[in-house]
Amino acid sequence: MRSLTEYLWFNTPEKRDYINITDKVADTVRRSGIKEGMVLVSAMHITAGVYVNDAEDGLIHDIDEWLEKLAPFNLNYRHHRTGETNGDAHLKSLIIHHEVIVPITAGKIDFGPWQQIYYAEFDGQRRKRVVVKAMGE
Amino acid sequence: MRSLTEYLWFNTPEKRDYINITDKVADTVRRSGIKEGMVLVSAMHITAGVYVNDAEDGLIHDIDEWLEKLAPFNLNYRHHRTGETNGDAHLKSLIIHHEVIVPITAGKIDFGPWQQIYYAEFDGQRRKRVVVKAMGE
Amino acid sequence: MRSLTEYLWFNTPEKRDYINITDKVADTVRRSGIKEGMVLVSAMHITAGVYVNDAEDGLIHDIDEWLEKLAPFNLNYRHHRTGETNGDAHLKSLIIHHEVIVPITAGKIDFGPWQQIYYAEFDGQRRKRVVVKAMGE
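Residue numbers (my numbering), protein chains in the order written: chain A, 24 to 160; chain B, 24 to 160; chain C, 24 to 160.
For reference, chain A alone in the conformation it holds in the complex (with noise of 0.2 Å):
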């Protein structure tokens, strides 16, 4: 098994923020030389999660709506008693899930036609690491 582990660094300037990093991605498989296998691509923080969906601002607009819904910012959540005011951005990171197993075929991202993959930041304006490993043959 061969493997080519390579990190994407992120500081958003919104505490918020959904950005595309399927082309990133797709470039440690092209370096990797790896035809046939996976690339994990997995957040390294616990208020950031990783997905796989459309490249569409509106629902990119949607997601975000609604993950404030099912997991909203307040500041009663007992993990602020720390000190922190992050703890709706914990649970948004577990709906959302931190990583992805993306499949690599003939030596590419094996994809759908609408499959991007997504770095979710739910508490930005610091800097955030992902690592992304790409394993096979």
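Hints should not be assumed to be uniformly reliable.
Which copy is meant is left open, because identical chains are indistinguishable; a pair holds if it fits in one copy or across any two.
Derived DSS-like pairs: lysine-lysine, alpha-carbon spacing no greater than 30 Å straight-line [what the hints assert, rightly or not]:
(1) LYS38 x LYS151
(2) LYS131 x LYS92
(3) LYS58 x LYS131
(4) LYS58 x LYS92
(5) LYS58 x LYS47
FYI, nobody ran anything at the bench for these hints, they're computed from the structure.
Fit chains B and C to the given chain A structure using the hints.
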């Protein structure tokens, strides 16, 4: 590392449906000849999902009602400005998640007694696809 | 590709519990001798989950309250016609997800500073199991 990649096609008569694909995934694992590894089962569409849970009709009905409560159909999603009406299907797919990784041990899916793999369709009545990729030795 | 498969057993005194299993997974990784690859950590039951987030007691309390809000215990699930009373545990497991894939880089779990692996029990007081499968070179 060896691998075998196969695709499952679906065209459900209903808009929403839940299909047990455990036997089909087990077939791919058997054909791959892989003894130790994993099989990735991943929807190739952004309005469908793949999950592991119980093959019990009442529970499947509960899951469907619950998803409709958390991510309801309505006409007011911003995504619908594109002409689509399936905003809810995208959100349902995000909760359920679009993929699972299933361990292969001693040549078989290494599951507990009640685990089954389901394809969850949230915007059916058209041809859709799942990639099944077994990897290992 | 090399692999090592181990199983963790749980029998929690409470119906719901959240157990940090990071050290146990790290032990499997060390014993595997794998330098580059991944470790799959997957609940073998459909009323439990595995997730990655913070080892902070207040947050764990928040997660538990939040899951109860999104997937409440009640007696009216259709699943209960089978004689079960754990419909909510199935739904909680679907939100949290039953598995994670953790990267192994340079022989170690490749995590950010706050990431920890948790076993989430939603229907405890009986013996349950998690598979930990390290794969790589």
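Results for each hint:
1. Taking identical chains as interchangeable, the C-alpha atoms of LYS38 and LYS151 lie at most 30 Å apart only when both belong to the same chain, with a minimum of 12 Å there against 36 Å between chains.
2. Taking the shortest alpha-carbon separations for LYS131 and LYS92, neither the intra-copy value of 36 Å nor the inter-copy value of 37 Å comes in at or below 30 Å.
3. In this assembly of identical chains, LYS58 and LYS131 lie within 30 Å of each other by CA distance both inside one copy and across copies; the values are 7 Å within and 25 Å between.
4. In the homo-oligomer, the alpha carbons of LYS58 and LYS92 never lie at most 30 Å apart, since the shortest distance is 41 Å inside one protomer and 42 Å across protomers.
5. Both within a single protomer and between protomers do LYS58 and LYS47 lie at most 30 Å apart by alpha-carbon distance, with minima of 17 Å and 24 Å respectively.
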